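Novice: Letter by letter, the chains look like this.
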Amino acid sequence: MHLEAFAEGDSFLHRMDSRVKIIVFLIFSILCATSKALRIPFLYLLFSISLILCSKVRLKVLFIRLLGANFFIGLIWIFVPLGYFPLDQALMVTLKANAIVMATIALLATSSIFSLARASLDLGFPKKLVSIVFLLYRYFTVNHEEYERLKRAISARGFIPKLNVHTYKTYGHLIGGLLVRSYERAEETYKCMLSRGFKEDFPIYEVLKLKKKDLIFGIIMILISAFIRFKA
Amino acid sequence: MKEPIIRLKGVVFKYDERYVLKGVDLEIFEGERIGLWGPNGGGKTTLLYIIMGFLKPESGIVEILGKVRNKEEDFLEVRRKLGFLFQDSDNQLFCPTVKEDIAFGPLNLGKSREETFKIVEETCELLGLNGLKERLNHKLSYGEKRLVALGTVMAMKPVCYLLDEPCLGLDEMTQKRILSILRNNAKTYLLVSHNKEFLRQTTDKVYLLKDGRLFQIPPNFL
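Note that the protein sequences, when read in sequence, are chains A and B.
Numbering of the first sequence is given in this note's numbering, commencing with residue 1 and proceeding in unit increments.
Numbering of the second sequence is given in this note's numbering, commencing with residue 1 and proceeding in unit increments.
With the rest of the complex left out, here is chain A (with noise of 0.2 Å):
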């Protein structure tokens, strides 16, 4: 599993101030959360659509992305027909859902999941918190490569599912497994965390720097967002 899948890559959006990223993706969805007529998500849709063909990310991996969160709006829109929803709200709705997933992978999922927390804690975002979405991306990507693991010991030694009890005590073994390595290596991680001197919080290494043109990208970005709420 690749969770990373946006964050290689080259493009200017790749090359930006991760703090900078942050503040103007809150931005951006603040605005385009709160507005009210239907024009004003719609323009902020073909912004971020914008911003999407500036990152240069690969549009397959996109459009499984967009579809995953539309499956969720789709539900919304069986019950326009039948009357409990408005229309110009469902529309509302997918618009301004569509433009703030679409910023998401055009300005956060550019940056790696670590430049992003070191970004949060610069930003002054509460250290643990910080620490456990950190931990919880670093060790969800351990989990599924033990769940890769368990699976090929499974048909290594000749399974095939079927519907029978073995199948389902089979898949058992699988989650239980699951649980109690990842509670048996969570131990060990922190006993090695521990033995390093970790003290409830990550140390910072480097110092980032913040250039002329982050802040210049900044200011833009946050330019553009307020005039297609306020002025347009």
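Simulated from the structure, these hints should not be mistaken for lab results.
Taking lysine to aspartate or glutamate pairs in the EDC-like style, the calculated list, with each CA pair at most 20 Å apart, reads:
{"#": "1", "chain 1": "A", "residue 1": "K169", "chain 2": "B", "residue 2": "E114"}
{"#": "2", "chain 1": "A", "residue 1": "K169", "chain 2": "B", "residue 2": "E115"}
{"#": "3", "chain 1": "B", "residue 1": "K56", "chain 2": "A", "residue 2": "E148"}
{"#": "4", "chain 1": "B", "residue 1": "K56", "chain 2": "B", "residue 2": "E72"}
{"#": "5", "chain 1": "A", "residue 1": "K151", "chain 2": "B", "residue 2": "D88"}
{"#": "6", "chain 1": "B", "residue 1": "K145", "chain 2": "B", "residue 2": "E165"}
{"#": "7", "chain 1": "A", "residue 1": "K162", "chain 2": "B", "residue 2": "E72"}
{"#": "8", "chain 1": "A", "residue 1": "K162", "chain 2": "B", "residue 2": "D74"}
{"#": "9", "chain 1": "A", "residue 1": "K151", "chain 2": "B", "residue 2": "E77"}
{"#": "10", "chain 1": "A", "residue 1": "K151", "chain 2": "B", "residue 2": "E72"}
{"#": "11", "chain 1": "A", "residue 1": "K162", "chain 2": "B", "residue 2": "E100"}
{"#": "12", "chain 1": "A", "residue 1": "K60", "chain 2": "A", "residue 2": "D10"}
{"#": "13", "chain 1": "B", "residue 1": "K145", "chain 2": "B", "residue 2": "E122"}
{"#": "14", "chain 1": "B", "residue 1": "K139", "chain 2": "A", "residue 2": "E188"}
{"#": "15", "chain 1": "B", "residue 1": "K145", "chain 2": "A", "residue 2": "E146"}
{"#": "16", "chain 1": "B", "residue 1": "K22", "chain 2": "B", "residue 2": "E63"}
{"#": "17", "chain 1": "A", "residue 1": "K151", "chain 2": "B", "residue 2": "D74"}
{"#": "18", "chain 1": "A", "residue 1": "K56", "chain 2": "A", "residue 2": "D10"}
{"#": "19", "chain 1": "B", "residue 1": "K196", "chain 2": "B", "residue 2": "D171"}
{"#": "20", "chain 1": "B", "residue 1": "K22", "chain 2": "B", "residue 2": "E58"}
{"#": "21", "chain 1": "B", "residue 1": "K56", "chain 2": "B", "residue 2": "D25"}
{"#": "22", "chain 1": "A", "residue 1": "K169", "chain 2": "B", "residue 2": "E134"}
{"#": "23", "chain 1": "A", "residue 1": "K151", "chain 2": "B", "residue 2": "D90"}
{"#": "24", "chain 1": "A", "residue 1": "K162", "chain 2": "B", "residue 2": "E73"}
{"#": "25", "chain 1": "B", "residue 1": "K145", "chain 2": "A", "residue 2": "E188"}
{"#": "26", "chain 1": "B", "residue 1": "K71", "chain 2": "A", "residue 2": "E148"}
{"#": "27", "chain 1": "A", "residue 1": "K151", "chain 2": "B", "residue 2": "E73"}
{"#": "28", "chain 1": "A", "residue 1": "K169", "chain 2": "A", "residue 2": "E148"}
{"#": "29", "chain 1": "B", "residue 1": "K133", "chain 2": "B", "residue 2": "E115"}
{"#": "30", "chain 1": "A", "residue 1": "K162", "chain 2": "B", "residue 2": "E77"}
{"#": "31", "chain 1": "A", "residue 1": "K169", "chain 2": "B", "residue 2": "E100"}
Listed next, the stretches of chain B that the computed footprint assigns to chain A, with coverage defined by at least 3 CB atoms under 8 Å from CB atoms of chain A:
{"#": "32", "region": "82 to 91"}
{"#": "33", "region": "103 to 113"}
Quick caveat: nothing in here was measured; it's all calculated off a predicted structure.
For every residue, glycine included, the Cβ atom is placed at its ideal position computed from N, Cα and C.
Position chain B relative to chain A; hints supplied.
Specialist: For chain B alone, coordinates are given in the frame of chain A:
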């Protein structure tokens, strides 16, 4: 002439841009005990994974039990007939208790409960695991895990074993025990090891896997 159990022809494999296997040919006939020796990261485990169908080669032919295997379904039969011992026992064992893990393979092969019970008894007897049968897998020591992992493979009575470092990190006593178990119970196998002494005692023919190619090593060289 008899058909080989495993036949690889010109197998090429790469991780991203790094070629690990650059055209490997290998034949294993029934009754052959073959050793595979080579540096770390040389592709020994990769070669075993290709035989089991966990990795698909870039090019080349993988023929097992007389049939060319390409797709995932082709390997279902392979996995039932060959016995693969993983390098890391934690990759092998996943059931809560030792006896359940040993029973897992035979049950997959469609053995009845009574037959499976008998196989578990025999396997534990053979490997000296009788005291461990009810123990929890994740509470076993490293050496015990190695033995149990070997037991889970032996319980399937495979036509050919693929053994990835069966003796890595084991004390001399346990190594000797595994040596005699293999000598007396496994007829055909491909054994990966770094340990020259162990290879000399367990195999009749040894290949070196280096720079993506296989070379046969004369026995006196080891």
